[in-house]
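Protein chains in written order, with the numbering used here: chain A, 1 to 93; chain B, 1 to 127; chain C, 1 to 303; chain D, 1 to 496.
These aren't lab readings, by the way, just hints derived from the structure by calculation.
Please note: incorrect hints may appear among the correct ones.
[As the list claims (entries may be wrong)] Going by beta-carbon spacing under 10 Å, a handful of chain B positions derived as facing chain C:
(1) PRO56
(2) ILE62
(3) THR68
(4) VAL90
(5) LEU95
(6) ALA98
(7) ALA119
[To be verified] With a straight-line Cα cutoff of 27 Å, these simulated DSS-like cross-link-like pairs (lysine-lysine) come out:
(8) LYS82/A <-> LYS114/B
(9) LYS114/B <-> LYS75/A
(10) LYS176/C <-> LYS7/C
[Unchecked claim] To spell it out: a stretch of chain C is covered by chain D in this simulated footprint if at least three of its residues, at any positions, have a beta carbon under 8 Å from a beta carbon of chain D; those stretches are:
(11) 208 to 222
(12) 273 to 280
Keep in mind it's a predicted model, so treat the numbers as computed, not measured.
We treat Cβ as the ideally placed atom computed from N, Cα and C, and that holds for glycine.
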Amino acid sequence: MSAMDIFTLMLLGLVLVSGIAACLFHNLLVSLIIYMAYSVIMSIIWAMLEAPDLAITEAAVGAGISSVLMFVTLKKLRDIRKKAQDEKEKEQV
Amino acid sequence: MLENLWSNRIPCAAVLLFALGFSTLLLHPNLIKKIIGLNIMDTAAYLFLTSLGYIPGRLAPIIVNGDTDPSHYVNPLPAGLVLTGIVVSVSVTALMLALTIRLYDRYHTLDLDKIYMMARQEQGELQ
Amino acid sequence: MKKKKSKFSQALRKWDEGSFDLTDALPEEQIAAPLPEQPYDWQLERPVVRLEQGEISMYRRLYPIFATVLATVMILFLFAAMIALPHTGSTQTPTLNELTDRYVADGMRETGAVNVVAGVILDYRAFDTLGESHVLYSAAIAVLMLLLSLGGVSMEPDPRERLITETDPILRSTAKLIVPLLVVFGVYNICNGHLGPGGGFSGGAIIGAGLILYSLAFGFERLERLLNFKSYRVIVVVALCFYSLAKCYSFYCGANHLESFISPGTPGRIFSAGLILPLNVAVGAVVACTMYGFYSVFKRGRI
Amino acid sequence: MNFACNLPLFCMVLCLLCAVISSVLHSTAARRLTLCLAGAVMSMNLYLLIWLLRGGQSTSYMMGHYPHPWGNEIRIGIVEALFSAAFALILGLCVAGGRTQLLRDLNEKKTNLYYAALDLVLVSLQALCYTNDLFTGYVFIEIGTIAACGILMIRQIGRTTLAAVRYMIFSLIGSGLFMLGIIFLYAVTGHLLMPNLRQAVETLWDSGSYRLPLLTALCLQVIGLGIKSGLFPFHFWMPDTYGYATPASAGVLSGLVSKGYILLLLKIVYDVYGTRVFYASGVQNLLYIFGILGMIAGSVSAMREDDLFRMIAYSSAAQIGYIYMGIGISPAFGILGALFHILTHALTKPAIFLAAAQLSDAAGGGRDLETLQGAAHRDHLAGAAFALGALNMIGLPMTMGFISKYLFADAAFHAGGKLIPTLLALALSTILNTFYFMRALIRLFNRPLDSAVERVPMRTQVSYTVAASVFGVANLAIGIFAQPMLSLLSQGLEQF
Numbered sequence: 001m002s003a004m005d006i007f008t009l010m011l012l013g014l015v016l017v018s019g020i021a022a023c024l025f026h027n028l029l030v031s032l033i034i035y036m037a038y039s040v041i042m043s044i045i046w047a048m049l050e051a052p053d054l055a056i057t058e059a060a061v062g063a064g065i066s067s068v069l070m071f072v073t074l075k076k077l078r079d080i081r082k083k084a085q086d087e088k089e090k091e092q093v
Numbered sequence: 001m002l003e004n005l006w007s008n009r010i011p012c013a014a015v016l017l018f019a020l021g022f023s024t025l026l027l028h029p030n031l032i033k034k035i036i037g038l039n040i041m042d043t044a045a046y047l048f049l050t051s052l053g054y055i056p057g058r059l060a061p062i063i064v065n066g067d068t069d070p071s072h073y074v075n076p077l078p079a080g081l082v083l084t085g086i087v088v089s090v091s092v093t094a095l096m097l098a099l100t101i102r103l104y105d106r107y108h109t110l111d112l113d114k115i116y117m118m119a120r121q122e123q124g125e126l127q
Numbered sequence: 001m002k003k004k005k006s007k008f009s010q011a012l013r014k015w016d017e018g019s020f021d022l023t024d025a026l027p028e029e030q031i032a033a034p035l036p037e038q039p040y041d042w043q044l045e046r047p048v049v050r051l052e053q054g055e056i057s058m059y060r061r062l063y064p065i066f067a068t069v070l071a072t073v074m075i076l077f078l079f080a081a082m083i084a085l086p087h088t089g090s091t092q093t094p095t096l097n098e099l100t101d102r103y104v105a106d107g108m109r110e111t112g113a114v115n116v117v118a119g120v121i122l123d124y125r126a127f128d129t130l131g132e133s134h135v136l137y138s139a140a141i142a143v144l145m146l147l148l149s150l151g152g153v154s155m156e157p158d159p160r161e162r163l164i165t166e167t168d169p170i171l172r173s174t175a176k177l178i179v180p181l182l183v184v185f186g187v188y189n190i191c192n193g194h195l196g197p198g199g200g201f202s203g204g205a206i207i208g209a210g211l212i213l214y215s216l217a218f219g220f221e222r223l224e225r226l227l228n229f230k231s232y233r234v235i236v237v238v239a240l241c242f243y244s245l246a247k248c249y250s251f252y253c254g255a256n257h258l259e260s261f262i263s264p265g266t267p268g269r270i271f272s273a274g275l276i277l278p279l280n281v282a283v284g285a286v287v288a289c290t291m292y293g294f295y296s297v298f299k300r301g302r303i
Numbered sequence: 001m002n003f004a005c006n007l008p009l010f011c012m013v014l015c016l017l018c019a020v021i022s023s024v025l026h027s028t029a030a031r032r033l034t035l036c037l038a039g040a041v042m043s044m045n046l047y048l049l050i051w052l053l054r055g056g057q058s059t060s061y062m063m064g065h066y067p068h069p070w071g072n073e074i075r076i077g078i079v080e081a082l083f084s085a086a087f088a089l090i091l092g093l094c095v096a097g098g099r100t101q102l103l104r105d106l107n108e109k110k111t112n113l114y115y116a117a118l119d120l121v122l123v124s125l126q127a128l129c130y131t132n133d134l135f136t137g138y139v140f141i142e143i144g145t146i147a148a149c150g151i152l153m154i155r156q157i158g159r160t161t162l163a164a165v166r167y168m169i170f171s172l173i174g175s176g177l178f179m180l181g182i183i184f185l186y187a188v189t190g191h192l193l194m195p196n197l198r199q200a201v202e203t204l205w206d207s208g209s210y211r212l213p214l215l216t217a218l219c220l221q222v223i224g225l226g227i228k229s230g231l232f233p234f235h236f237w238m239p240d241t242y243g244y245a246t247p248a249s250a251g252v253l254s255g256l257v258s259k260g261y262i263l264l265l266l267k268i269v270y271d272v273y274g275t276r277v278f279y280a281s282g283v284q285n286l287l288y289i290f291g292i293l294g295m296i297a298g299s300v301s302a303m304r305e306d307d308l309f310r311m312i313a314y315s316s317a318a319q320i321g322y323i324y325m326g327i328g329i330s331p332a333f334g335i336l337g338a339l340f341h342i343l344t345h346a347l348t349k350p351a352i353f354l355a356a357a358q359l360s361d362a363a364g365g366g367r368d369l370e371t372l373q374g375a376a377h378r379d380h381l382a383g384a385a386f387a388l389g390a391l392n393m394i395g396l397p398m399t400m401g402f403i404s405k406y407l408f409a410d411a412a413f414h415a416g417g418k419l420i421p422t423l424l425a426l427a428l429s430t431i432l433n434t435f436y437f438m439r440a441l442i443r444l445f446n447r448p449l450d451s452a453v454e455r456v457p458m459r460t461q462v463s464y465t466v467a468a469s470v471f472g473v474a475n476l477a478i479g480i481f482a483q484p485m486l487s488l489l490s491q492g493l494e495q496f
């Protein structure tokens with residue numbers, strides 16, 4: 001069990017735990033943040049597997065763009081929900 | 001059997017993640033969770049592909065000072081395929097998120113079963 | 001006659017002295033930015049009870065059972081097959097064959113790219129990557145079809161919330177520092193795609209992230225001078241048309257054994273590796289604009 | 001290396017260029033560009049087909065400077081050229097035929113994006129026909145999936161967005177499994193291109209090593225493509241997807257997109273595993289059983305449906321079942337029947353969708369059979385087109401449907417073991433087909449409810465008239481003179 005093996009096991013454990021957590025958390029915001037962490041750990045694993053191209057792309061695209069898009073989606077859904085509530089209040093008034 | 005599992009530990013983790021993503025995509029009614037499950041499923045498949053090309057003790061496939069001996073480098077082909085795959089999963093995620101916004105705009109819920117029920121009721125009244 | 005200072009030098013002086021004092025940055029009416037109320041905790045709605053509506057379609061009942069059965073059977077199959085594969089990292093795997101030997105041994109000579117992966121993507125298996133950038137283009141089309149509100153119901157976020165982010169001192173100062181760094185690193189990544197790790201896709205994504213951060217910190221209007229819907233379409237069309245035509249030429253020459261004038265050049269220099277550098281620049285431009293376009297269309301319905 | 005071999009490359013690059021350009025054009029210019037593109041691609045492929053028939057043998061065309069284990073390749077053959085010409089023709093006819101509904105349903109400013117998505121569907125269909133490399137197939141499957149989802153959701157009513165989400169989820173599961181299948185196959189053979197894969201799989205199968213990963217790769221690829229093309233247990237997304245889209249996209253989706261995946265599956269059966277290995281592995285029985293179940297379940301749910309468009313969508317699930325049953329019967333005759341039925345269904349189903357849309361417009365937008373009573377009297381051409389399509393699906397002699405059913409029965413006789421179940425399934429599903437199509441026909445040709453019958457003049461829909469007549473003529477021509485088409489297909493199958 002060389003140091004590299006322990007490091008690999010730790011990374012794989014982390015990626016499995018964050019994957020399961022991202023899927024099972026009830027709160028969407030928390031599971032999005034955990035998915036971001038999952039993506040960063042996955043890019044470290046790419047780097048460890050001697051694939052530097054993938055590490056940069058996964059970090060920029062996985063943790064960066066798709067997570068930002070998910071946060072913007074949640075923000076947009078909240079705006080839609082608030083606009084619907086305002087209209088409902090206006091009708092009741 | 002156990003010795004095999006230990007020597008194949010990276011593909012083993014990849015298969016576990018693929019199963020996790022696949023079942024979340026199939027079973028979880030919430031749309032955002034389905035998208036997260038989809039991403040996990042894709043990255044797991046690509047982790048499995050990259051672990052096929054990995055050989056410990058060899059360098060990344062960037063040729064240093066002219067030494068083009070294949071036994072010094074890792075297999076470059078899986079890295080090329082996975083690079084293509086990552087862009088595919090980003091574009092599919094963006095499309096699914098746009099669909100989620102449009103659905104929430106129309107039905108005000110993220111639960112696909114509820115949306116399906118509401119759509120069928122609307123269909124019922126239309127007739 | 002007092003020489004009228006050019007607007008640019010004033011802005012430069014203002015930026016240089018860091019005299020962005022916050023009071024004058026706020027618009028005239030002194031809006032006390034309202035504290036965002038307790039953030040909506042995204043609890044999952046109560047799952048619909050299967051028996052609630054009384055109308056139980058066969059699909060609703062059978063789907064979860066069938067899905068779990070399919071998932072478990074598939075997982076067992078995958079595990080059994082994965083164990084039968086050769087060990088990771090062993091050198092007798094069937095994947096190490098004459099295919100990969102030629103990529104590494106002759107890769108640099110034939111394609112001129114020091115980074116063999118870039119050579120594989122953009123020269124040996126170039127048809128996949130041609131299809132790849134068009135996957136991103138088709139996703140951009142689909143998202144535009146869905147969310148582009150051309151004058152219809154405006155999906156604009158209300159101005160008060162944008163005010164909070166655009167006057168946030170922490171965000172602005174860090175953005176002032178990080179955005180140039182990001183863009184420079186992205187450009188480096190694209191131009192050195194064939195020499196070191198990185199390439200069109202990762203460089204473009206990094207520049208896209210930089211643009212998103214800039215528009216978040218300094219507002220969309222300032223970025224719209226550079227990147228609006230018209231310039232977005234021009235960049236995407238020019239880059240993708242150049243990409244398709246360049247690759248069509250090199251496929252045609254390769255298939256008919258004609259000598260194409262694109263030479264691999266001396267490996268290691270920036271302007272080597274034949275077509276790979278211009279293709280990386282084209283792909284980088286498309287990816288950067290599309291990523292920023294996704295963010296902007298998601299955020300406010302127009303680019 | 002005759003000049004004709006370069007034509008598939010020119011077709012694909014032309015489609016990609018048109019897709020990119022039409023996103024900046026105005027909508028009418030984009031529409032004309034798509035129609036000219038479909039015409040150009042069809043004529044190029046027909047020229048290639050004629051060159052191949054007049055003595056050229058099917059070759060593989062190197063994309064780039066490197067031969068097949070290293071670089072990409074496309075494979076030029078009779079079946080590929082014939083089907084991509086047919087797909088281009090049918091796509092052009094769908095765009096022409098569905099014109100009135102397109103102008104009504106679509107937001108004026110976004111129509112050029114719709115035509116860009118149509119070009120991308122055309123390039124993905126061609127790449128699936130011609131590819132000689134599994135990973136290129138996967139990339140162009142993704143282009144086809146996203147562009148098809150784009151076509152589907154352009155009509156912004158709530159049901160199409162919901163249908164688009166369910167379609168995307170099922171398709172992504174399918175392409176995820178297909179991707180895993182490619183990875184397992186690469187892990188075991190070390191190649192991605194079909195000729196090398198063929199040799200490696202043959203040696204592996206004979207030596208018996210890595211037998212389980214090889215079978216897993218085969219099952220994953222077959223199930224992945226089955227999910228995407230709507231095989232029996234995974235056809236639940238079909239009624240929503242085809243039922244609520246604009247008829248032009250419903251025709252393209254049901255007639256062409258699912259057929260592209262089946263053609264890739266046939267290429268995998270012939271070029272990657274070889275018919276000997278595929279039919280020894282037992283996967284074909286799986287396909288055979290699911291095909292028969294699909295035929296029965298699709299027809300039964302179509303009978304229960306009273307919305308005309310959802311009924312036609314369920315009948316399309318049944319026809320996909322026919323094709324998979326054909327693949328499951330036997331390599332030579334079964335797959336010939338399957339290929340012919342792919343052509344039949346691709347030529348008939350878009351015609352039925354367009355005719356149904358015209359009829360529902362003539363009857364004031366009603367979708368279910370009660371309000372469509374007597375609609376055929378209002379629009380004679382649409383009524384005739386719907387009737388011809390329905391008789392085709394039932395399999396009346398002189399139509400293509402009859403020829404494909406005859407081919408399936410003939411294949412069943414040659415494959416002794418599967419004789420009884422095939423004949424039973426053919427008979428039962430023909431009866432069910434007849435039941436629900438006749439019910440619709442009788443309802444359409446009945447006396448209209450309100451006696452005032454204002455006939456829709458033929459002049460106002462020139463484009464629909466052209467499309468419906470070309471569909472009808474092509475259907476009847478191949479139905480009556482089937483022998484040249486059959487000899488063409490069997491000659492193509494030998495060199496496939």
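Quiz item: Hint by hint, which ones does the structure fall short of?
Solution: As far as the earlier hints go, 7, 11, 12 are violated by this structure, in ascending order.
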